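**Q** In case it helps, our numbering puts the sequence shown at residues 1 to 195.
Just so you know, the hints here were simulated from the structure itself, not pulled from any lab data.
Just so it is clear, the structure is predicted and the values come from calculations on it, not from any experiment.
Do not take every clue at face value.
Said to hold, decoys possible - Dumping the calculated DSS-like pairs for lysine-lysine here, alpha-carbon to alpha-carbon at most 30 Å:
(1) 92 x 185
(2) 92 x 176
(3) 101 x 118
(4) 185 x 161
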Amino acid sequence: PFDGDDRTGTIGHPLPSTDLRLLDKDDPTRDAPEGEPGELIVRGPQIMLGYWNRPEAAATIFVDLEGERWLRTGDIAEIDADGYARIVDRSKDMIAVGGFKVFPSQVEAVLLENPQVKEALVIGVADAYHGEMPRAFVTLHSRSEADGPALAAWLNARVGKHERVDSVVVRDELPKTMIGKLDRKALRAEAPDAA
1 PFDGDDRTGT IGHPLPSTDL RLLDKDDPTR DAPEGEPGEL IVRGPQIMLG
51 YWNRPEAAAT IFVDLEGERW LRTGDIAEID ADGYARIVDR SKDMIAVGGF
101 KVFPSQVEAV LLENPQVKEA LVIGVADAYH GEMPRAFVTL HSRSEADGPA
151 LAAWLNARVG KHERVDSVVV RDELPKTMIG KLDRKALRAE APDAA
């Protein structure tokens with residue numbers, strides 16, 4: 001058994017006989033650049049062989065690299081120098097802004113640093129020039145008086161150029177799953193211009 005350190009915020013080390021690898025977010029035929037997040041792929045004896053009677057589905061979830069079959073998890077992750085993996089986001093949630101990939105969770109983390117913001121979700125919305133733009137949806141703590149334009153200005157001063165939102169929408173509540181987790185998919189369905 002592995003006796004590694006507990007590292008808060010990580011998924012730990014892989015099990016014995018299991019390998020992790022990060023693929024480039026823009027070109028899944030290459031490894032991610034050193035120190036950069038990438039799509040997490042995994043191989044090992046516990047990985048499924050495929051989907052029952054659905055070879056077309058299996059073709060999209062597996063990738064063959066250097067003669068080895070790897071499972072694409074759909075997670076964007078980082079692996080530190082000690083081999084600990086940390087999930088950054090889901091690949092399907094990434095927002096393509098003018099050719100750059102934006103992680104919604106990173107923009108949300110900055111928004112949550114604002115003491116008035118209680119909850120935050122960021123989705124991509126269609127944009128004629130950039131293809132997509134991030135848009136933030138937030139709920140506020142009671143007695144907060146912030147408005148969307150003020151929060152957008154506050155946020156955009158703290159994030160990179162491609163992470164800047166087109167607006168912040170203040171709502172009474174954000175959609176949640178049955179277990180109380182914020183539901184990005186439901187929010188996309190509610191937003192008419194969601195990409």
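**Q** Are the hints correct? Go through all of them and say.
**A** To see whether the hints hold, each was checked on the structure:
no.	hint	verdict
1	92 x 185	holds, 10 Å
2	92 x 176	holds, 18 Å
3	101 x 118	holds, 26 Å
4	185 x 161	holds, 25 Å
Comparing the model with each earlier hint shows no violations; every hint is respected.
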